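I would like the entire structure built from these sequences, with the hints used as guidance.
Sequence order for the protein chains is A and B.
Residue numbering for the first sequence follows my numbering, beginning at 1 and increasing consecutively.
Residue numbering for the second sequence follows my numbering, beginning at 1001 and increasing consecutively.
These are computed hints drawn from the structure, not numbers from a lab.
Misleading hints may appear alongside valid ones.
Stated by the list, open to error - Partner residues aside, some chain B positions facing chain A, computed with beta carbon under 8 Å:
#1 N1010
#2 H1015
#3 G1016
#4 L1238
Please read all numbers here as calculations on a predicted model, not as lab measurements.
Backbone N, C-alpha and C define an ideal beta-carbon position, used for all residues, glycine too.
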Amino acid sequence: MAEPHDTAAHADHDHKPHGWRRWVFATNHKDIGTMYLIAAGTMFLIGGLAAMAIRAQLFKSGMKLFDPSVFNSLTTMHGLIMIFGAIMPAWVGLANWMIPLQIGAPDMALPRLNNLSFWILPFAFSLMIASFFVPGGAVAGGWTMYPPLMQQFGAAFPMLIFAIHLMGISSILGAINVIVTIMNLRAPGMNLLRMPLFVWTWLITAYLLIAVMPVLAGAVTMQLTDHFFGTSFFNAGGGGDPVLFLHVFWFFGHPEVYILILPAFGIVSEIIPTFSRKPLFGYEAMVYATASIAFLSFIVWGHHMFTVGLPVAAQLFFMLSTMLIAVPTGVKVFNWVATMWRGSLSFEPPMLFAIAFLFLFSIGGFSGLMLALVPSDYQYHGTYFVVAHFHYVLVPGAVFAIFGGVYYWLPKWSGRMYDMRLAKWHFWLSVIFVNVLFFPQHFLGLAGMPRRIPDYAPQFTDWNMVSSIGGFIFGASQVLFPYIIWKCVRSGKPVGANSPWEGARGLEWELPSPAPYHSWTTPPSAAVLARGAEH
Amino acid sequence: MTDAHADGSNYYVPHGSPWPIVAAVSLFVLMVGAVLYLDGAAGAWVLLPGPVLLAFMFAGWFSTVIGENQHGVFRFREDRSFRLSMMWFIFSEVMFFAAFFGALFYVRMFAIPWLGGEGVKALTNLLLWPHYEAAWPTNGPAHVGGEHFGVMNPMGIPALNTLILLTSGLTVTIAHHALRAGKRRTLTVFLALTFILGFTFVGMQIHEYGEAYTHLNLRLTTGIYGSTFFMLTGFHGLHVTIGAIMLLVIWLRVLRGHFTPDKHFAFEAVAWYWHFVDVVWLCLYIFVYWL
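What follows is the structure, encoded as structure tokens:
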């Protein structure tokens, strides 16, 4: 039995633990946040390499770089790695770093659990990536894992399922930690409607995670027992139904896409007021809009399955409920625009990424509306139009918001300023080539090119080439990002005691930069809180 | 207060704990073992190291926390963190069961009537399964798992098991009231009764499974009826087992004199968990055994 007194004796302000113990036994939210972000970056690189391979194979009609089954493994793994390995851990990393700073808490509420949620991930992804190298190769049925296709693989199939179980445990524990921290550790006086929007959006995201990750676990468990123990959940001969999997999976899957985007809304709502030098327009409306989006996300899952033969009444219901989401999303977009209206805007890298987010996420939102219409979805379903749609919301949506968040808070974390010129290069290369990469995919999809194919009819070649070239340049320019961070941490100019962004408000800016290893060990005073909470 | 708060903080932040990484490694060993077993690469023995490591981890992690608790590290706010996290954990469990209940409702309300040719799906029946008539319980048009199988009688052991679990919900509440009133003797007796009832339930369930397999030809592989029946009751039984072990641990702590009338979070957490498995059972009894 450990003596709490022994360990606590080392808990003084200046000395952090040294060596490997600091990371492996970590309980500090900043250390764990850093590990999350590094892990997310690593997975972004691996998933990105898979994407480069995909775009190379699709460069022109008749390319034979990969076996069709290897190609399908690449698309499957690219999706799973980017969703579960890159974007979600990046959000949890940012939550770890920022939520305690923003609400005046000394740390996350359950520090040991926090460590566990992180350390599950490297094991989960080792299991998943190792499935590439077992006989039969990685699962190649697409990230949605539909039966019976999913079950036609060797050891990769149980490996993927158990990796998903591990990731699910990690996400649920992480989400519980976020909720408890926010509900219990806010500084006195910070009532719910004074919380920064990043905290609000994460609170709602965490709720979604706890509600749907167990459902995903149930769905993949049914696959596992169908395959290995002879159950009949997805076997019509036994009275089951393969479409049942789609229902259970998408009941998870639709809230999941909001898990990927709600924290982005939070970050953009932090950045735009700062660089507009105005308070956020319609703070409360933003909170309610986020909550409405989360609620609606539970009743729209059928729009992923319009072509499987749902009853007409179900199709109509899911179409209308899906289009309803445009209302709270519209509230958000208009509020961001209204925040900038007559502001004194400046265009530092975080703001550039936030503005690009605003434009490009809206494009993804509009193509989502097109897909929500049942009759037009019959045409678009399973084409590159869908690929273009969700990459617009996830890359210039979620990923750009992550970039923006890192560029916004990096001076806070490191106490140093990054190379602004290089960061702007990173922005412009990204924003131009992300469009070269994904915009033509709309045309391809509307012209009828199916997704998840290793080869295509020659008439699709031109736009595929454009898309691939955009992809290669976009991919290559991402190398700048780790370099900028590395350079900043090593030799960036110290930002001094004050906030590097004159327009920034929020408790995190009331702390010195870099934030001390233990921050807010005593809660901020009412005066500090009042200064920080002027939104 | 204690040294844990020597840095002036108003919240206990532990430092340098080895248990989370042990937990992560244990989970990994468990999963790799399951993969090797299912893939046929190794015998059933590979399933063992994972649970053993997990048990070691739970013992170590919990005794650390209990030790901290006995040193008075946890005060009101730490206590509230634990409460909130237990509530949300139970909510996640509810959603896990919801996936399987959802599957049951979907097949009974939609999949099976459609296989029988109801509504717009008449052609499915006509062309694919021309002789199938929708009914419940069923093992599907292909009679997966054999032509004939028996159905669980809700009035036998299941009714008794309902009574047992409901009684155990009552005894744990009596124990809780006794704890709050400082009546340690009543607490000890009724808590013991609770976990004995819990293990009895599990024993009866095992017996019932044996009956199903040997006499009723009702197995996990008996089409969708067998799948939903055994998966739902099986996961529930697993949770009852875990809950009963938790009750046993709490009982041992009571014997050691832990818990006070106004501070006993661990007791309450286990009681909440026990009520949760109780409610799941009521849903099971109604929707799986009875209707």
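Cross-check of the supplied hints:
A hinted interface residue such as N1010/B counts as satisfied when its beta carbon comes closer than 8 Å to some beta carbon of chain A; here the least separation is about 7 Å, so the hint holds. About 5 Å separates the beta-carbon of H1015/B from the nearest beta-carbon of chain A, less than 8 Å, and the hint is met. Look at G1016/B: its Cβ gets to within about 4 Å of chain A, closer than 8 Å, so that hint holds up. Nearest Cβ of chain A to the Cβ of L1238/B: about 12 Å, over the 8 Å cut. The hint is violated.
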